[in-house]
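J.: Let's have the full structure, built from the sequences with the hints guiding it.
Protein chains: 2
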Amino acid sequence: MLEYKAPIRDITFVMQELLDCESHYEKLGYQDATVDMIDAIVSEAAKFTEQVIAPLNQIGDQQGCQWNDGVVTTPDGFKEAYQQYVEGGWPTLSQSEEFGGQGLPHSLNAAIAEMMVSANHSFTMYPGLSHGALATIEAHGSDEQKQMFLPRLVDGNWTGTMCLTESHCGTDLGMLRTKAELNDDDSYSLTGTKIFISAGEHDLSDNIVHIVIARIPGSPEGTKGISLFIVPKFNVNSDGTMADRNAVNCGSIEHKMGINANATCVINFDNAKGYLIGEVNRGLNCMFTFMNAARLGVANEGAAAAEMSFQGALAYAQDRLQMRSISGVKNPDGPADPIIVHPDVRRMLLTQKSIAEGGRALLAYLSQLVDITHAEKDETRKALAENKLALLTPIAKAFLTETGLECTSHGVQIFGGHGFIKEWGMEQLIRDAKISCLYEGTTGIQALDLLARKILGSKGEILKPFMGDVTAFCQENYDNPEMAEFIKPLMSYFKQWQSITQDVGIKAMTNADEIGGASVDYIMFAGYATLAYFWAKMAKVAQDKLAINDDDQAFYQAKIKTAQFYFQRILPRGQGHAACIENGASTMMSLAADDFAF
Amino acid sequence: MLEYKAPIRDITFVMQELLDCESHYEKLGYQDATVDMIDAIVSEAAKFTEQVIAPLNQIGDQQGCQWNDGVVTTPDGFKEAYQQYVEGGWPTLSQSEEFGGQGLPHSLNAAIAEMMVSANHSFTMYPGLSHGALATIEAHGSDEQKQMFLPRLVDGNWTGTMCLTESHCGTDLGMLRTKAELNDDDSYSLTGTKIFISAGEHDLSDNIVHIVIARIPGSPEGTKGISLFIVPKFNVNSDGTMADRNAVNCGSIEHKMGINANATCVINFDNAKGYLIGEVNRGLNCMFTFMNAARLGVANEGAAAAEMSFQGALAYAQDRLQMRSISGVKNPDGPADPIIVHPDVRRMLLTQKSIAEGGRALLAYLSQLVDITHAEKDETRKALAENKLALLTPIAKAFLTETGLECTSHGVQIFGGHGFIKEWGMEQLIRDAKISCLYEGTTGIQALDLLARKILGSKGEILKPFMGDVTAFCQENYDNPEMAEFIKPLMSYFKQWQSITQDVGIKAMTNADEIGGASVDYIMFAGYATLAYFWAKMAKVAQDKLAINDDDQAFYQAKIKTAQFYFQRILPRGQGHAACIENGASTMMSLAADDFAF
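Chains A and B, in that order, are what the protein sequence lines are. Count along the first sequence from 1, then add 550; that gives the number in the working numbering. Count along the second sequence from 1, then add 550; that gives the number in the working numbering.
You can't tell identical chains apart in this list, so a pair holds if it fits in one copy or across any two.
Derived pair list, reagent style SDA-like, types lysine to any residue, alpha-carbon separation capped at 20 Å:
id, residue 1, residue 2
1, Lys1045, Ala1129
2, Lys1009, Lys1057
3, Lys1095, Asp1029
4, Lys972, Gln613
5, Lys774, Val879
6, Lys1057, Gly878
7, Lys629, Trp640
8, Lys880, Cys719
It should be emphasised that the hints constitute simulated quantities derived from the structure, not laboratory data. Computed from a prediction, not measured in an experiment: that's the story for all the values here.
T.: Here's what the structure looks like:
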């Protein structure tokens, strides 16, 4: 069975040494988020995830959730673990004090979320979905709604969901059919069926608060006629206490490739009582505030999958004896060498390590940007953070989930045939990781959001602040000979990113299909370049640390060597993507839909 | 549920139009393999796979095999389908007439194997493993052994296995512990435990004939002390009738990521009676004759996975309405456009199509080379075929299983969230396809076999015959303007392949780890280049056909367009691999094994 060990040293490196969270928090007025407090919380979270959550991962996969006449039972141990999670105050960490939260920064919670997902993807989705519901109510709900729903969502005794998808529409939400009719008391009656509702029904919490998109009769067609509602499983009195059961029922749960311990539900609303959030027909706008946060959460799943698969594969590669090193025996006293001596095993391990650690750095940076959007008073700085978040969120989501999935596949390869056997836990990581390439917008949707909506939609303006940061970093280190191996390719890749953007933009003027034709290769290229920037920054920090002290030499050396691996053996993949983009969309569009098969 | 439709038109194109199987068979003396006969057999096989085998694929995955006190029960319907398979005479097709076979060419059987694997990977493994056992006995067994075992293996009433792996050794067979002690009657007593024995125990056949590697006490250590044995589940009299039960037992079956309907067994030999095949301590050599055939069988699984996932995804993409085409509404009467209008969906579909059809062409060519090794009288021509097979087998195995797996992942992406739900059958394809990257030698092992053993081991000589074919094809078509878009990149990629080979060879002289460091990128580069050759050849045939007749215009146009897509959007990936190879192994080897994690 896989064991999880929280990578505390690297989390600390990223938060404190790379991103100087201490002064970041101080600037934003997070007085309580001192280094001592952070260390204590990270260390407690490590224990909780290693000892409580991780041991349930495999049994959760085996048992799955059980549906019986509308009631969903989670796997053995989940209920108790969730109770511990609530009692430990974990749900409240970064929630506002007004509703019972601890008021700590979002980015601290994000670091803990990485540990939780690594330890148990399915379990972590229960509180993860709550967070989405909570954030939506907090941002767009009325004061009365906040009083009714937020305290219990914050303390974790209630959980939440996001109900968007219907069987005939996932990406294309404008087609939705669920309807909401106004009642005399200003509440609404919702009728319709939603599918793929993660954590839609379960036995972990007293109440489940669904955030539902629906159409009010008479509203415009398409996305301009979508409104947003709160629909609780149990009705709620205005003082926040629970009342009678609402007409919300779980019709069935899906049998899936992975994340078996999370209930993916069909939810039927049968004249269920709901409360409008925000304005009529402005539901999608309210959703979008939340969407970016959810996408970062999914990006985190990609990096976490790489981390967990790396941990499993590394332990096996250090232990498993098979064949001799081609460059000479390394373990003369054993019957064979440990497979970590073989270059190709190292290639796979270092791919996992460079994605997991690079992803951690990127996500930690993005979580600091989220802190800024929450707590910064200066509107210019806030807008800058929002701009960078808008750019980097789809990149992080698409790139880290795709490379995270690849990493889980490497983990199985390193185990050889044993990787295919359930017992070892490695194949579950592939099955769980695949969902992250699909939900909250597939890789293809992220790619269109990035290239069509954001980059070409802003005529490239959205790129400037982030590219400015990269350019500044390159200039600062341009004359540093130790950094040359990173700075030169970094500059070249970012220049190429700009020229690719221009080329696609020009082609798109005469043929809009060139955008979709380039989009996924484009977002992957952008991902490789973006991670290169974070690896170069980490190498710089490690070099500086090595220059001034003798502690942790091996850690900093490993950081530099992993950066070198990333630049030499991962980043060049960008050239394949660039070449594909350059060749355009014509060969994708020329075949008639009926002529794909004969 | 997925439906399988045998791609008869394309199989016919590849066999008859691309590879002119008629004259190929005539030259080798396969008198019965006329075009009419081939058409009839392919069409019967299509019916059998579509109607009998394919409908069991999903239920097979759901039910899996059941183990109960040593007895293994296959899923509902498997036994009856296997009976139909035997009664239809399918196992006998390409077996020698001497033992009851029909004496038809191997390559015809290979075409049918593609349909069978596409329809049901797990089911097809039962006869597939038989084939390995049968081929080993036929090539290396004594006349008495052939008389005892072959007739029933040929007619399919008995099945076979290959017992190699033990829990502590898979790749490194020299470490095996199963021992074989000589009895007074010249038979041997085998004792030991083998794992991962596909089709090791089941209820489909009367007897199971295990081909087992073991060590005779006193033999040299390592691979030079391995001998090969026949160990039947039921003992066999010298006239080939069944006798009492042998001491061979199935200890358990594995719970796996996929291929759940094929029993992966722990097989215990407890002084089981066995018969030596070939010479003492020459077991691995006997195995190697068979190994290449098995690897081609697995390569076929990769291409078949791409085909099946393509079929499922294409039907969905033509049917599912979601969003409007970015270049203008395509389905004005519907609420949205079918998703096949979206360029990125087409990119994924065409990736699947180009791998499935390109892989089919490569594998059909390789199966003709196998025909030549079986039936050619001229030793020079035979040696040439063996040379090309040795080169192209690891490429086909590694490249088609890796790209086949990628294609199954695209299939799920095209379905969006629905792809993750078991009901649709798309996620099963990923789970089944993953094993093909592992068994019969992982991708990493294929890559070392290719680069270290075969290419550098022959100082590049092994490349010459195949590269000669490619060069000749390029020269023939060099002045054809219609072929320029294929010939120029093809020449460039094959030149680059040679220069990469030289570069790695030079680096390897001073550091052997450069071989392993380059190997997987090298085999993927070789795979992209090799498939480009087959796509260029198919484009040429299609152009010629379009020039001379009006039939099937759409089919030939689609073939050319898919070739164009392959050259424009798939082949350029080779540049990413080439750049990684060029950067060498140093960044993979510099990190101490203990410093991968902190």
